[in-house]
Every structure is written in structure tokens, then in C-alpha cells.
Amino acid sequence: MDFFQLLSELDKADPEFMDRINPRRRVFQYLGNTGKKITAAAVPAVFASFFTKAYGQTGTTLPQPVIDVLNLALGLEYLEYYFYDTALGIPGLIPSAETTPIQTIRNDEAGHIKTIKDVLGTAAIPDPTRAGFDYSGGSGSMAGPLAAALLPTDPNNANGKLFFAAAQSFADTGQRAYKGGAPVLNTASTKDILEAALNIHSVEARHNSHFRTVRRAIAANTLGSATAPAGAPELAPKSWISLRDNNGPTAPDGSKPASAVYGPGADPAAYPAEDNTTRASLNLLTVGGVTYTAAQVSEAFDEPLDPATVKTIARMFTTPAGLASGLFK
Amino acid sequence: MSHKLSSGPQPHEADLDRPLYTPIKRRSFFMYAGATAGATALVLAGCSKDDDASGANLIDVGSGDAGILNYAYALEQLEAAFYAKVKTGGYYTGLAPTSAEKQIFDDLAAHEAIHRDFFKAAITATPGATLLQDLTPDFSSINFGDRSSVLNAAQTFEDTGVAAYNGAGRFITNNAYLGLAGKIVSVEARHAALIRDLVSYGTFVNNDVVNVFTQTAGAAPGTGTAMSAQNTSGNGNPGPGQERSKRPPQILSAVNNYLAAGSKLSANSFA
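Top to bottom, those sequences are chains A and B. In terms of the working numbering, the first sequence opens at residue 1 and continues consecutively. In terms of the working numbering, the second sequence opens at residue 1 and continues consecutively.
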């Protein structure tokens, strides 16, 4: 690779860079600090720092719709973070084979929180703390249908069975919410924010896949392995959403606390339920001369969810103190 | 192949002093420095120009939203062809009818075929878009009779798909297409995570695909350190806890290893 050939290419790409970077002497200072010789491998990193300086969001005002999408996402990340962090602190709740995976997932959520807080700056909602959440699904009563999810000795929660059911519901809410928010982030000046959100969205989907794998393992009593076959969708689901997964996990009281997670949004045309089989006006049950089952077509795609529906779900798990701190307004 | 998906050019010394101390060159440097996000990709492009004699006869996916749709169509063609081939190989045909792995590969084959057929129909119905040709895969490096060879290849395809969709999103103008990509990428991520858990349990978000963050115990959430320093987005070093998204040219340099001569791809508009 010829560095000067690279420079020649760059020259054509953006002649206006000098107007953006100020003062220009910083370029010299930067290079001076790095030493006289720079390896070719380091060149991308050097340019990256110029890029941030010239085009970064820092100090600019984000559009309000972007702030709203990111604050909703941040609230969901706090909800997940404190759920996993709380569970890790309760002896005997999480089976030993899953301690490290749940720590990893908790840390991923912490990374997402850092990402979003760094983008939002002073526009970020405050940390609602653990007191902001009611993981029973009781909106602050602490006596909702999932109360046993954090109780290690409850017979409905053997091997964390109900904990993982709740975790699956939270992560699916998150992935559908990010999917619903992504178009709002797709403006010319917020492409880096869009890419960060997409990079969080797929991690939520990976988490969700793992939670579902654990639920199959719990049902088959094969913890620590991914080789248990799928069974009833509400109990031992596939790692992808099949139709509506029978409206999600069943709570000990027989209710379906996560049914809205797999249902349609406020406008079903824009936010269909997870059993949707039509995309871009194409009926995919027969496409390319091949006929597929409704389950196969529904599994091949996840669906977005609108902010209002996401907030309604999330408020079930929020205390009055959490609402007062700014969560899910 | 002298370059891999994530490795970039071989390090060697480039003397940056000379242009800075030479008046004419120095002025040029400021102009050059403005190539924004393309800088890293251009480094790679320059490398490929020098040492990849097989760079001729690449099919370019095109530009604009139609180009991204064709890029996705190409990746889905490859994945669908892979799983169709898996289902004829000795590993799959030897699986017990009720086994989890048979169930999984049946689903993956159906999902990817649906993605492929969906893109073909959608691009055909898009005014002004030209459908990419049918690609001929080259799976000669995969042993379809061997479980670990099949699972490792599946992991590569699924991880690559996720990084590809995430890195392509920013190039999409029409939000209807961005939404469609979002509906698919999370399913690819579900696939990737499960295949990883089959290959090695608990690796569903390992550091090679996610920039792992370590939360400081007892501190407020978001306090801690990421495994990799954040770099220009799209080069595999995103922010903390994020998937390592990659731009189309980076993805295709790896994907071309699984495409036959005459079917290898470029994405010159999406650096």
C-alpha cells in the first residue's frame, strides 16, 4: 500500500475538511505527540480522530425525536441491567452454568447504557436506580404475576425457570423497540448514532436467543448445553419467535404477562404482531414459486414495536418512583 | 488471500514527516485528511489494488438503496445455498429425526430461503432497480460430512450476516428498507447466537463479535471499560457492548472466499 496514493484518493473525497477542523494546527500537535514515525496500520486510527473532531456530535443539539427514541432505549437498558444485576446478587437464583453468561449480558447492558448516555449527554434521563423497577410486573405493588422470578426457592422458579421467562420477555421488548426506533435515527447527521443503535439491537437479539436456549435446557433438564429440542413455545421456545409463541411465557397464576410483547403495536399496519407473514406488500407464504408455512415465515422476520406500546409494557415493571424519575413518560 | 475480514494491511513504516515539512505536500495533507469515514476503507482498498490480482471481474452490487438491497440479496443467496447444501450432506442426513440440530438446520434453511426469495421479489418490484444475477457459491473449503466443519461455517455466515446488515444500515435512505433490514438482522443474530452456543456453549456474544464491556462492581451502570477502544464506526471497533458492524467492502472481501470466479462481488459505492 502506498500512503501517498491514499492521500491522493482522500484529496478527491472532501476538499472542505479545512473549513471544518479548527484550529488546523491541532493536526501537527497530534502527529507530534504520536512520534515521528507512524506505522501504516495506525493510519486509520489517526484519521479516525480527525473524523471525530470534524464531524462528531459533541456539542451539537440532537433533534428531539432522536432524544426521545434514545431515552426510551436507555430506560429499557436500565430495566434490563437492574434485573440481571439484582438476580446475580441473589444466591441460588441463577444456575451455576448460567452465572457467567448472565454476568456477560449484564455487562453488555452496562455498555449500552454508557453508549446512549455518551450520545445524549445532559439530555439523558437520570439513573432510576434499582428502586425504579418492580420486576413482579405489578407497577409498584411488588405482587405482580412474575413476583417469583427473583425468588430462588419458589417451586415455580426451579433452576430460574421464571427468571429466564421474564428475561426473554424483556430482551424481546428491547429488540422490538430498537427496531421501531431505528427509522427515527436515520437522519443525515445521526448516521453514527443509527449504527450504534443497530449494533445494540443485534446484541439484544443474541441475548434473547440465549435466554430461549436456556429455557429449552431447563425444560429438558440439560443445563449448560444447547442440544435440547424445542417444545411448547411458551415453555421451551425456539431461539426465534415462532408465530406469537403462544403469547409468550405463562405466569404461575395462569396469566400471560408478556402477551403484548408478541402482539401488534398501536397501528398494526406499521407494527404488526410477530405472526405477520406479509412484508413490503408481499405475501411470503408463497414466494419464488415455493410455499412456506406461516410458522416458517413468521420466524424468518422479527417485527418492530411503537414507543407507546413499548412504554405500556415497560410501565408494568416500573415503580411510581421510577416514573417520577422520568422513565417511560 | 493476503487480507482477511478484520485484519487490514500489514503494518509497515510510512514516513509522515516528509509531507508535513514540505510546503506543497503539507498543504495537501490537510485536504487529504478530510475523507471522513472512508479513510479506513480506502486504506483497505489501496491494499487490495496492490496485491489482489484476482480483483478483476468483480460484480458490483450497485449504488443507492437498490445497491444495498442487492448486497443483502447476495448474502442471503449465499446463506440459502449453504443450508440447502448442508441438508444433502452426511452430517445432516445422519442426524436423528427428533434431534435439536436437525430441527435447527431445517429452520435455518427455511428462514434463509425465505430471505432470499423475499429480496428477489422485492427488488424485482422496485422501480429502477436491477436484480443481481444468480451467484455461484464455492463451498469447497467446507466438509459437509463433518459436524464441526458445518457448524463453524454456519457461525461464519451468520456472524457475517449480522455485521453486514449493521454496517449497511447507514447507507439506506428509504426507511421502509431500513425497517426490512431490521426485521431480518435480529433473526440472523438469533441464528448466530444459537450456532455459537452449539459450537461452544456460552459464546453467543464473545468479544470477536461484540465489543465486550466490563462493568465496575458497585459503580453506577455504564462505569467500566470496553475490550477494544472505539474507532471509526464500521471497521469492527464500535462502542461498548455493541456488535462489531462492518462496511460492505470489508464484508465482501471475506464473503468472496465462498463465491466462485465470476460471482465475486464488490461494493464500491458503500465504503
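These are calculated hints, taken from the structure and not from any lab test. Check before you lean on any hint, since a few could be wrong.
Straight-line distance between alpha carbons at most 25 Å, and here's what the computed DSS-like set of lysine-lysine pairs gives [said to hold, decoys possible]: (1) B:K120 - B:K183; (2) A:K311 - B:K183; (3) A:K311 - A:K256; (4) A:K329 - A:K311; (5) B:K102 - A:K191; (6) A:K311 - A:K117.
Quick list of the computed label-pair ranges, beta carbon to beta carbon [as the list claims (entries may be wrong)]: (7) B:N257 - A:A295: 30 to 40 Å; (8) B:I59 - A:T100: 38 to 48 Å; (9) A:S255 - B:N257: 48 to 58 Å; (10) A:G326 - B:T130: 42 to 52 Å; (11) B:T88 - A:T222: 24 to 34 Å; (12) B:N207 - A:P91: 27 to 37 Å.
Note that the structure is a prediction, hence the values are computed from the model and not measured. Each residue gets a CB set at the ideal place from its N, CA and C atoms; glycine is no exception.
Going down the list of hints, with the structure as the test:
no. : hint                        : in the structure
1   : B:K120 - B:K183             : holds (16 Å)
2   : A:K311 - B:K183             : holds (20 Å)
3   : A:K311 - A:K256             : holds (17 Å)
4   : A:K329 - A:K311             : holds (8 Å)
5   : B:K102 - A:K191             : violated (40 Å)
6   : A:K311 - A:K117             : holds (19 Å)
7   : B:N257 - A:A295: 30 to 40 Å : holds (34 Å)
8   : B:I59 - A:T100: 38 to 48 Å  : holds (44 Å)
9   : A:S255 - B:N257: 48 to 58 Å : holds (51 Å)
10  : A:G326 - B:T130: 42 to 52 Å : holds (49 Å)
11  : B:T88 - A:T222: 24 to 34 Å  : holds (29 Å)
12  : B:N207 - A:P91: 27 to 37 Å  : holds (28 Å)
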